[in-house]
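Given chain S, put chain D in place with the hints provided.
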Amino acid sequence: MPETADKTTTDRNAALATDLAKTAKASKGRPDKVDRVSKRFSVKDVNLFYGDFQAVQDVTMTIEPNQVTALIGSSGCGKTTMLRSLNRMHELTPGATVEGEVSLDDQNIYAPNVDPVDVRRLVGMVFQAPNPFPTMTAYENVAAGLTLNRRGLSKSEKDDIVEKSLRGAHLWDEVKDRLDRKGSALSGGQQQRLCIARAIAVEPEVLLMDEPCSALDPVATLAVEDLIDDLKNRYTIVIVTHNMQQAARTSDVTAFFNLETSGQPGRLVEMDATDKMFTTPSKKETEDYVSGRFG
Amino acid sequence: MNDRTPREDASAAFDPAEQVNPIGGPTVDAGTLPPWFLRAVVGASALIALAVLLATGSLTIVLFFVITAVIALPTAYIWSRVVEGRRQAMDRLVTLGIVAAFFIAVAPLLSVLYEVIKRGTARLDGSFFTESARGVIGAGGGAQHAIVGTLVITGVATLISVPIGIMAAVYLNEYGKGRLRKALTFFVDVMTGIPSIVAGLFAYALFAAFLGPGIRLGIIGSVALTVLMIPIVIRSAEEILKIVPDHLREAAYALGTPKWKVVTRIVLPTALAGLVTGVMLAIARVIGETAPLLVTTGVIDSVNTNPLSGRMQNLAVYAYSEYKDPGVDVQASYDKAWTAALTLILLVMILSLLARWIYRRYGTDLRDTR
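Chains S and D are the protein sequences, given in the same order.
Take the first sequence: its position 262, counted from the start at 1, is 262 in the working numbering, and no numbers get skipped.
Take the second sequence: its position 192, counted from the start at 1, is 487 in the working numbering, and no numbers get skipped.
Any given hint could be a false lead.
As the list claims (entries may be wrong) - Cross-link-like lysine-lysine pairs, in silico, DSS-like; alpha carbons within 25 angstroms at most:
hint, chain 1, residue 1, chain 2, residue 2
1, D, 556, S, 182
2, D, 556, D, 537
3, S, 158, S, 176
4, D, 413, D, 619
5, S, 158, D, 619
6, D, 554, D, 477
7, S, 155, S, 176
8, S, 164, S, 176
9, D, 477, D, 537
10, D, 556, S, 155
11, S, 182, S, 164
12, S, 182, S, 155
13, D, 554, D, 472
14, S, 182, D, 537
15, D, 554, S, 158
What the hints contain is simulated information worked out from the structure, not anything from laboratory work.
Just chain S, with the same shape it has in the complex (with noise of 0.2 angstroms):
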């Protein structure tokens, strides 16, 4: 009885391993030619903490500009923490700290004369709920960015740069009618483009989505995927999933965190592009994963 359990999950998780193979392999990879080249992060040696509690430790990678970078790995390893530490965004959490260096192109940004508002605004965030701002029209959220953080530009500039950005995240269509309502009033999967279409009017050079279609249906889910595929063309963009189909299809390159137990930090186990992760990985432990055989 076992033994047939045994067989039937096994075949299970081969089918499903080939299925993502064979996703992986029709992603597009690098674009031949960008619209514009975005900078390149590199990341060294980096530990980050919640007080005493180390979340990851030692963690050295490089994410490439103008490519889709997956983050991937089981709850609780560490790779939200990490996204937020590319933006600085981790600190904000009480009593959390960082060691190491992260560089986006030659700029260390956890040198000590750089401000992290300024390092907010080359690396913005999409978060894994949608958050309009609900005391903001839709016109008024896309427009957000400018009107908080830059003087001086006239209407029929704002008026184009939000176009732009809401063409850029395939709403514009949707919601040219209705730019005057309440961001809260669309639908889950347009308010979260609407968020990407904030974090795009300011023209950051890496977008780091975390989880950005968990809180939505398949069709909306799909439409955000197609939208990154077309965003790399101007963006670095690093995404955390804990759908794997989502980084097969998504990504060019993956890498996989994993923790040896509950209360040990994450580490990053293996970092390669995308179909060789879920083809031929290097490591067992990846194997075990994306073919479902965890734990």
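Okay, now just chain D, sitting in the frame of chain S:
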């Protein structure tokens, strides 16, 4: 049809006679009382209570509620117990008990309202709002000076306490950390409990130190009220700021927004309706203060709109002094005192309604965005 049990065929006609209690007890078709049973019992009890009280000539609202409850509770319980059984009877008893507790709790409030409206409407006329008590020793005259004084004193107190209170709440919720924050929260809690007369004496002593003893000014009353208002404003503002979800702050930070702008442009606007509501309730809380104003603003019969010079009357102190030192026509003075009380209640009610309206109209639904 007969050879099928409902268990085999769910669509078979439901026949209560066939239903057997699954745990093997008696059948479930116990007697039931009509849905209006409780209402009927309470109505009948209320009629009996009313009749008894009218017959003995001792009708008061509180007594009426108590006697109604005393009759209705056992009646409903015993009746239901006989017809429906023990569990239902207990359910009815507790239901009635909760309703009775509610009515007994609001009875004093209704009683006060009833009394104030009954006695206060005698002088609720135009001249009450347009005339002062200047030179009036008998009937007639009004409370214009007291109404103006109440509005000026409370208005100035609000102007002082709202900025201080909201900024303090912003500090506590957005900036403060560690021991200093805890200590400040503790002192705010302590301040909430300060007796109002202490606030009055403090304000008086403060001004008397500079302007000499016996000083009476509207502004001193405002300062006394400020001492009472600030902790209320801080407390309510802090609660509201706390429920502004963190992900909105993070969204703003992620756009490269400096902290002060996150607070002023995102957090405060999101919380605006709640802040206004809190301020309104704080005003409602202090507008009827008597003791601190008696020692700081004094008693006067004519209109004074300048808080920085001369004594200033207000509604609570006016009601108090009309009662304590009635004029030649004692009843006329008493009537004015009651009308002043009614006016105060109306002012507070208007403020509360306004607060609710603002919250409904402009409130950001924070539950939605969490």
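List in ascending order the numbers of the hints, as given earlier, that are violated by the structure. Of the numbered hints, just 5 does not hold.
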